[in-house]
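Engineer: In order, the protein sequences belong to chains Y and U. Per our numbering, the very first residue in the first sequence carries number 1; after that it's consecutive. Per our numbering, the very first residue in the second sequence carries number 1; after that it's consecutive.
Some hints could be false.
[Said to hold, decoys possible] If the Cβ cut is set under 8 Å, some of the chain U residues that face chain Y in the computed set are:
| no. | residue |
| --- | --- |
| 1 | LYS35 |
| 2 | ILE37 |
| 3 | SER38 |
| 4 | ASP41 |
| 5 | ASP45 |
[To be verified] Restricting the straight-line Cα-Cα distance to at most 25 Å, the calculated cross-link-like pairs of lysine-lysine (PhoX-like) are:
| no. | chain 1 | residue 1 | chain 2 | residue 2 |
| --- | --- | --- | --- | --- |
| 6 | U | LYS67 | Y | LYS267 |
| 7 | U | LYS95 | Y | LYS82 |
| 8 | Y | LYS298 | Y | LYS82 |
| 9 | U | LYS81 | Y | LYS148 |
| 10 | Y | LYS88 | U | LYS11 |
| 11 | Y | LYS27 | U | LYS67 |
| 12 | Y | LYS81 | U | LYS34 |
| 13 | Y | LYS106 | U | LYS67 |
| 14 | U | LYS95 | Y | LYS139 |
| 15 | U | LYS81 | Y | LYS223 |
| 16 | U | LYS11 | U | LYS34 |
| 17 | Y | LYS139 | U | LYS34 |
| 18 | Y | LYS367 | Y | LYS408 |
It is worth saying that the hints were derived from the structure and are not from the lab. Just so we're clear, the structure is a prediction, and the values are computed from it rather than from any experiment. Idealized CB from N, CA, C, for every residue including glycine.
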Amino acid sequence: MSYIIKGETGDWEIVVGLEVHCEVISKAKLFSGAPTAFGAEANTQVSFVDAGFPGMLPVINHECVEQAIKTGMGLNATVNKKSIFARKNYYYADLPNGYQISQSDKPIISDGYIDVDLENGETRRIGIERLHLEQDAGKLMHDQHPSKSFVDLNRAGVALMEIVSRPDIRSPEEAGAYLRELRSIVRYIGSCDGNMDEGSMRCDANVSVRHPGDPLGTRAEIKNVNSIRFVMQAIEYEAKRQVELLEEGGKVVQETRKFDSVKGITKTMRSKETAVDYRYFYDPDLIPLRLSDETIEKCRKEMPELPSAKKNRFVKDFGLPAYDAGQLVAEKEIAEYFEAAAKGHDAKKVANYIMGDLFATLNKLGKSIKESPVSPENLGRMVDLINDGTISSRIAKDVFQFMVDEGKSPDQIVEEKGLKQVTDTSAIEKIIDDVINENPDKVAEYRSGKDKLLGWFVGQTMKASKGKANPGMLNDLLKKKLAG
Amino acid sequence: MPMPIDKDMVKRLGILSRLSIPEENTEEMVTEIKKIISWVDQLKDVNTDDVLPMNSVVEDMDLPERKDEITDGDIRDAVIKNAPDQMDGYFLVPKVVE
Numbered sequence: 001m002s003y004i005i006k007g008e009t010g011d012w013e014i015v016v017g018l019e020v021h022c023e024v025i026s027k028a029k030l031f032s033g034a035p036t037a038f039g040a041e042a043n044t045q046v047s048f049v050d051a052g053f054p055g056m057l058p059v060i061n062h063e064c065v066e067q068a069i070k071t072g073m074g075l076n077a078t079v080n081k082k083s084i085f086a087r088k089n090y091y092y093a094d095l096p097n098g099y100q101i102s103q104s105d106k107p108i109i110s111d112g113y114i115d116v117d118l119e120n121g122e123t124r125r126i127g128i129e130r131l132h133l134e135q136d137a138g139k140l141m142h143d144q145h146p147s148k149s150f151v152d153l154n155r156a157g158v159a160l161m162e163i164v165s166r167p168d169i170r171s172p173e174e175a176g177a178y179l180r181e182l183r184s185i186v187r188y189i190g191s192c193d194g195n196m197d198e199g200s201m202r203c204d205a206n207v208s209v210r211h212p213g214d215p216l217g218t219r220a221e222i223k224n225v226n227s228i229r230f231v232m233q234a235i236e237y238e239a240k241r242q243v244e245l246l247e248e249g250g251k252v253v254q255e256t257r258k259f260d261s262v263k264g265i266t267k268t269m270r271s272k273e274t275a276v277d278y279r280y281f282y283d284p285d286l287i288p289l290r291l292s293d294e295t296i297e298k299c300r301k302e303m304p305e306l307p308s309a310k311k312n313r314f315v316k317d318f319g320l321p322a323y324d325a326g327q328l329v330a331e332k333e334i335a336e337y338f339e340a341a342a343k344g345h346d347a348k349k350v351a352n353y354i355m356g357d358l359f360a361t362l363n364k365l366g367k368s369i370k371e372s373p374v375s376p377e378n379l380g381r382m383v384d385l386i387n388d389g390t391i392s393s394r395i396a397k398d399v400f401q402f403m404v405d406e407g408k409s410p411d412q413i414v415e416e417k418g419l420k421q422v423t424d425t426s427a428i429e430k431i432i433d434d435v436i437n438e439n440p441d442k443v444a445e446y447r448s449g450k451d452k453l454l455g456w457f458v459g460q461t462m463k464a465s466k467g468k469a470n471p472g473m474l475n476d477l478l479k480k481k482l483a484g
Numbered sequence: 001m002p003m004p005i006d007k008d009m010v011k012r013l014g015i016l017s018r019l020s021i022p023e024e025n026t027e028e029m030v031t032e033i034k035k036i037i038s039w040v041d042q043l044k045d046v047n048t049d050d051v052l053p054m055n056s057v058v059e060d061m062d063l064p065e066r067k068d069e070i071t072d073g074d075i076r077d078a079v080i081k082n083a084p085d086q087m088d089g090y091f092l093v094p095k096v097v098e
């Protein structure tokens with residue numbers, strides 16, 4: 001199913017490429033020994049290198065290099081054994097050197113792809129052009145003083161991975177799916193925490209429109225959108241704007257735009273005429289970065305099982321539907337919980353309880369899966385108790401709630417609260433007989449053809465058994481007895 | 001593709017470098033930049049047909065690397081000491097709002 005904008009001059013398709021900046025997880029900065037931790041007092045995590053003092057030289061942090069290699073492997077990309085750092089020149093107060101150390105035509109990673117799952121079950125392959133390492137900039141505050149801006153360089157020099165997709169994305173949904181998959185991959189690898197709301201993952205979107213089959217249209221770049229939902233909204237709005245403009249006989253200008261999340265629209269930030277010219281050149285302070293076979297091999301060995309591989313394994317080994325498997329692997333911690341709970345138990349049922357009762361409970365409590373009041377072992381055990389007939393799935397709801405409230409094992413709860421399912425035929429018959437004897441008029445109505453009353457009898461007898469009667473047996477026996 | 005060195009380019013370079021170039025000096029700057037470029041252009045006379053492009057003059061060396069350890073920072077006073085203007089540990093610059 002392709003995403004098409006119906007215009008007066010025919011159908012339009014949208015073409016989107018995303019540039020994602022991921023802040024690398026490392027203790028120290030990319031080219032200095034200053035710390036990267038978030039939230040410190042202004043300018044306390046700044047070295048003379050970060051502040052651009054004369055004569056200071058950058059020395060690369062090996063950990064950041066390994067993080068980039070691993071992320072490249074996660075993107076099915078080529079790891080380039082030789083890459084070169086270049087200066088991207090621009091003057092702004094958040095960048096004391098007047099240039100950002102980045103990589104231009106020789107990035108550390110190139111030519112990869114990721115496969116993303118769409119809601120309709122289709123999978124789309126999105127190409128990755130490159131991943132390169134570069135420095136983050138400092139932060140400015142404009143609202144502290146009538147005529148001055150405040151500069152904090154704590155973030156200046158923290159390592160970023162810029163991941164550039166090919167213009168393969170064809171709908172807002174695909175853009176969202178791509179970002180979620182990318183976030184999931186960097187989190188699994190541990191190279192970026194992927195928190196868009198905190199700015200450790202930031203996204204620029206290049207958007208253009210064309211009639212299917214036509215060459216690429218002129219694109220506009222939407223800068224720094226800070227949530228996946230906003231990226232999707234910004235693309236949707238921008239594509240419609242371009243179609244309307246083109247159909248009115250106008251032209252799309254290549255420009256930088258920003259997304260106003262309150263109004264849901266994009267606005268011109270700077271046009272091409274005033275566009276910056278970065279005048280890239282290789283940084284004379286840094287010789288080419290060469291990767292040894294040992295470093296690459298070490299990274300390969302440290303690669304975790306990635307979400308896509310884990311998903312396929314869950315489908316194959318546990319017989320889960322692809323959609324459910326996708327939900328469970330989106331976050332590493334959830335996948336780990338599932339595996340611990342499913343091991344040796346009915347995996348499909350365990351998955352259902354995780355995605356249903358457990359997610360609902362965690363949502364309500366505002367807790368993460370790691371803080372789950374129900375341990376994976378206890379959840380797996382509860383599913384065993386359902387499957388071996390000790391408790392009914394109805395009673396399981398209560399047992400689950402007791403596990404949430406009291407943190408005890410399901411066996412202990414069933415024992416203490418006397419929740420064991422009644423599967424003794426004579427015991428169930430006794431309960432049914434009591435209900436029938438107490439309600440001769442209802443029995444008569446039922447027998448005269450009011451079939452709907454069966455539900456009422458089920459309710460009454462189940463209530464009389466305190467919910468513990470085996471529902472299947474109860475149904476069968478009840479029907480027989482009522483039939484007379 | 002050599003770009004024409006003219007008054008427009010000088011003005012643009014001025015903007016990109018955050019330098020103010022008075023109108024009356026631009027013609028003089030054009031002449032000077034042209035001279036510099038043509039001097040550097042002498043390099044074109046060297047025959048480089050059999051020479052591989054190099055990215056650095058120390059191509060055979062490995063880029064020195066650091067371990068991921070915190071060895072710096074926590075020197076705020078020294079970092080902002082020479083700032084023309086400062087307050088509460090921040091550098092202060094003329095207001096820049098996009």
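Engineer: It remains to establish, for every hint, whether it holds in the given structure.
Structural biologist: Evaluation of the provided hints:
1. LYS35: violated (20 Å)
2. ILE37: violated (15 Å)
3. SER38: At about 20 Å, which exceeds the 8 Å cut-off, the nearest Cβ of chain Y leaves the hint on SER38/U violated.
4. ASP41: Nearest chain Y Cβ about 17 Å off; hint violated.
5. ASP45: violated (22 Å)
6. LYS67/U / LYS267/Y: Cα-Cα ~43 Å, so violated.
7. LYS95/U / LYS82/Y: violated (41 Å)
8. LYS298/Y / LYS82/Y: Judged against 25 Å, a Cα distance of about 17 Å means the pair holds.
9. LYS81/U / LYS148/Y: Satisfied, since the Cα-Cα distance of roughly 18 Å is no more than 25 Å.
10. LYS88/Y / LYS11/U: OK: LYS88/Y and LYS11/U at ~20 Å, within 25 Å.
11. LYS27/Y / LYS67/U: holds (10 Å)
12. LYS81/Y / LYS34/U: Violated: LYS81/Y and LYS34/U sit about 39 Å apart, past 25 Å.
13. LYS106/Y / LYS67/U: holds (24 Å)
14. LYS95/U / LYS139/Y: It holds: about 13 Å lies between the C-alpha atoms, which stays within 25 Å.
15. LYS81/U / LYS223/Y: With Cα atoms ~34 Å apart, LYS81/U and LYS223/Y exceed 25 Å; violated.
16. LYS11/U / LYS34/U: OK: LYS11/U and LYS34/U at ~14 Å, within 25 Å.
17. LYS139/Y / LYS34/U: violated (39 Å)
18. LYS367/Y / LYS408/Y: This hinted pair holds, its Cα atoms lying about 18 Å apart.
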